[in-house]
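Sequence order for the protein chains is R and U.
Here our numbering is used: position 143 in the first sequence is 143, and no number is missing along the way.
Here our numbering is used: position 161 in the second sequence is 161, and no number is missing along the way.
Heads up, none of these hints are tricks.
Mimicking DSSO-like on lysine-lysine, the simulated pairs with C-alpha atoms at most 27 Å apart in a straight line are:
id	chain 1	residue 1	chain 2	residue 2
1	R	Lys558	U	Lys48
2	R	Lys595	R	Lys606
3	R	Lys423	U	Lys162
4	R	Lys558	U	Lys65
5	U	Lys52	R	Lys558
6	U	Lys52	R	Lys561
7	U	Lys162	R	Lys529
8	U	Lys48	R	Lys561
9	R	Lys595	U	Lys283
10	U	Lys65	R	Lys380
11	U	Lys65	R	Lys561
Please keep in mind that the hints were generated in silico from the structure rather than gathered at the bench.
The lines below spell out each chain.
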Amino acid sequence: MKILLFLVVLTVLFSSVLSLVLHCFPRVLKTTFFSLLGISGFGACIAGLSVLITHQNISYQLCSAFPGLSLQFILDPLSGFFLTIIGIIVISISWYGPGYLREYEKDKSIALMSFFTGLFVSGMYLVLLANDVFSFMVAWELMSVSSYFLVAYHHENMANCQSAFLYLLMAQVGSVLILFAFGILIKFSDSGSMNFLDLHFIKISSDWANLAFFLAFFGFGMKTGIIPLHVWLPQAHPVAPSHISALMSGVMLKIAVYGFIRFTFGILGGICCLQWGITVLIFGVISSLLGVLYALMQHNLKRLLAYHSVENIGIIFIGLGLSLIAMKTGNPLLASLGLAAALYHCINHAIFKSLLFLGAGVILQQSREHNLERMGGLIKRMPYTAWCFLIGCISISALPPFNGFISEWLIFQTAFQTSVFLKNEFVIVILIAIAASLLALTAVLAATCFVKVYGVIFLGQERTSNMSQVRDPLFGMCLAMGFLSILCLMFGIFPTIIMSLLSVISLQLIGVQLPNTLDVFWLIPITSKISSYNSIFFLIGILTIGLFSYFLIRICFKRTKISMVNPWDCGFGGINSCMQYTATAFVMPLRRIFKFTWNVIEKTEKINSDISYQLHIQDWIWQYIYIPIEYLSLDVANKLAKLQGGNIRIYLVYEFIILILLLWVVT
Amino acid sequence: MIWAITLVQTLLFIIIAPLFTGIVKWTKCKLQNRNAPSILQPYFNLNKLFRKEVLIATTTSSIFKFAPYIIFSINVFICMTVPLFFVSVFMGRVIDVIVIMGLFSLARFFLTLSGMDTGTAFGGMGASREMLISTFAEPVLLIIFFALSMVTMSTNLTMIIKYAVFHNLWLQPSIMLLAFSFILVTLAETGRVPVDNPATHLELTMIHEAMILEYSGRYLALIEWAAQIKLLLYAVLFFNLFFPLGIAQDLNWIDISFSILILILKLMAFIIAICVSESGLAKLRLFRAPYLLNLSFILGLFAVLMHIIIEVR
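When you get a sec, could you build the whole thing from the sequences and use the hints?
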C-alpha cells in the first residue's frame, strides 16, 4: 500500500513533467496526460478506501536538505477520506478532459494547462498526506500557486487576469494567516517540533488557543470561501476552464475544509471552546443563506454555481459548528454525528458540484453561451446531458432520494438532538433552532434557484439561434457525467455504507464510533426510536406506485386519444420564445422581498417609443468591505511611495536600519 | 395484521381525498348561499378527465409527461407512512417528518419544472410564485417539527403521536402555538385562501392553477387527485400531531371504530373552519403572503422558547 501511495503522487508529477516534454504533440500529450491522471485518481481512491477499511495508517519520512527538518507524510482515515474524494473527481476529469480540450488544440497551449493541472492535483494529494507544518505549507502553496495559473489560463482577456490575481492575493493572505496559526502552536511545543502529532499534545493557554483557532478559521475560510471572504470564488470560477472549475470547486474547497478539520479537531481537539462552535455555526449559516441568495440573482451559469459552492461550504460549516458545540457540551456521540454529516456533505458536494460544472462546460462548449437568458429548450437537443444535469439539480437542492438530502437530513438530526440534549442552555437552543430553520430556507432557495436554472436552460423554447447547433458531447464526456450522476444516486440510497466509513474518522478524531452502521439499508443516526430513514424502501415504494399507476392508466384508458397541440396563447396567436418567463422574471418576487441583501440598481427609460430596462445587482459585501480596503491600501501605498527615491544608496540605508532594528528585537 | 391496516389506511386516504374536497366545496357553497354541487362531484370530474382526450403542448418535453406520475406517487407514498386512525404503520420507520417535508418539496420541484416546461408565461409565473410561497412555508414547517421533536424527543411520526397521547400534550402552551402555526402553513402549502384561491382562473391571482394550465386529460386528473390527497394529508397530520385524542393504539374493533368516528368528527370540524375562514377572508396580495408565514415562523420560535422556559423545568 505504501508503494501504491508513492506511485499515486509520482504518477501525477511525472505526467505534469511529461506534458512539458511532449508539448509539440498536443494529441499524444492529451491522451497520455489524462490517462496518467486517471490512473493516479484510481490509485488515490484505492489507497484512501483501504485506509478507511483497514484502519491502518501509512506513514513516510523523507529527509530534506535542511538539517533537522524532515518531511513527514501520513495517510490516516481523515486524509484517506478526502483522498477518495479527490480520486473520484480526478477519474471523472480524466474522462472528460480530452473531449473538452478539443477546442483548445488549435490556439492554446495544452502542455501548460496539463503541467499546471498535474502540479495542482499533486499539491492537493500532498496537502492531505502532510503530517508536519513545513510540508503542509509547501504543499498548500503548490496547490494555490498552480491553480492561479489555471485560473489565469485565458489570460488574453484583461478581466480574467484581474480575477486570477484577486484569487492569488486572497489565497496568499489566507496562507499567511494559516502560517501564523501554526506558528503560535509551534511556539508552545517543547522542542519546536512541527509534527502534527506533537502539536496535538502541547500545553497552551486558552487565549493563545483562541487566537490560533480564529487565525486558522479565517485562513482556511479564505480558501473555502465563507462569507465575507468569498469574493474570489465567483470571479475565479467562470474564468477557469470548466473541468478546472470542477476540480477547484469540487475538490480544492474540500481540501481547505480538510485543513480546518485537521487543525480544529485533530490538532486542537482536546481544547475546544464553546465560542468556536458558535462562531463556526454563525458563519456557516450566513454563508449558506447569503451564498444562495447571491446565486439566485446570477445569470452567468458558472458564476451561479460558484455562489452555490459558498452556500454548500456554509452547510458543511453548520455541521462542523454543531459538532463542536456538542463536543464541548459533553456529548461526543452527537459530535461525531455532526462531523459525519459535514464530511458526508463534503463528498456529496464534490460529486454533484463537479457534475454540474461538467454539465455547464458541455453547454458552454457547444453553445459558447454563459448567460442563462439566452439559452432554452436544450433538453430536446442534448437529452443525455439534460438528464445528468437534472440529477445534479435535484441533488444540490437537497431533495430525496439523492445524496444532498441525506447529508442535510443528518445535519437536521444533529441539530434536533443537540437541542434536546441541551434543554437548559436556552440561548444555544434558540440559536440552533434558528440555524436549522435557516438551513431549511437555504435548501428551498437552492431548489428555487435550480428550478430557475433547469427551467430556463433546458425547458421551454430556444431563446437564441445559437442553441440549434447544440448536441450531446463525445463519449468520454458523457461517461464522466453519467458516472457522477450514478454516484449521486448511489450515495443517496446506500448512506450507511458511507456512514460506516465515516465512523472510522469520528473514532480517530472524537473517540466515539457512530452507532448502527452495520445495517445496510437503515440509516439510523442514534436510535431508531428517535429517527430512521430507509431510502431504498422508499425508492422502491415510489417506483412501484408510479409504474403501477402508469400501467393501470395505460390499460384502463387504452382508447383515449393523445394529440400534440400548440400551447394556449390566450387567443392572440403565435407563442414565441420571448413570451416565456425569463430567469430575471422568475426570481423577481424574491428580489423584491430580500432586496436588502443586494445592491440593486434598476433603471427604466423611455427612448422614443422603446422602453429600455436595466438591472444591476451587486454583491453588497464587495461594495462595503472590499472597495474601502482597496482605496485604503492605494492611499497607504501612495504615501509610502515617497520612500521610494530610486537611489540605491538610500535603499541601502533603509536596509541597514532594518537590520539594526531586527537585531535589537531579537536580542 | 399491521400491514393490512396500513393498506386499508392508504386506500382510504386515496379514495376519500376527493370526497373531502367535495365536502369542502359543498360546505363553502352552503355558507355563501349558493347552490352546491354534489359532494361526489370531484369523483365525476376525475372520471371525466381520465376519459378525455389528452392534449400535449408541442413545446413540452418528456418531463411534462411523467411529472404527474411522480407527483401522484409521492403523495400516495406519503399516505402509506402517515397514521390515519391507527397509530402504527407498516412503513412508519422508513421516513420521518423531515423526509415527508423533503418529499413534498420533491413533488413541488417537479410540478414547477413542468410549469417551466410549457414555455409559456403562465407556467413560469405559476412556478415562480409557487417557489416564493414555499420559500416562506418550509422554514416554518421545519421550526414546527423542530419544536415538536424537542418536546417529544423523536422525529418519527408514530413516536411523536404515542408520546403526545401519553403525556396529554395538547394542553401545553407550546403545542397550542405550534398548532396555530401549522394551520397557517397548511393554508399556504395546500393553496387555500388567503394565500392562493383554488377556485379562480384569473392570471393575476392564481398560483397553482397557473402552473398546471397546460395539463389536460389523465395528467390533469393525476395532479388534481394528488392535490386533493395533499389537502387531506395536511388535515390528518394536523390532528394526529397536535390533537391525537382518540387515535387507536390497540388492535381491537372498539378502539378502531371509535378512532374512525373521532377522526370523522375532527375532519368535519376542519372543513367547517376552513370554509368559514375562506368565506370571511379575502385572498392576500402575493407580496403580503410572506407576512402571514413570517408570523407563523415567529410563533414557532416562541413555541421553542416557551417549551424551554416553562415546560422543561
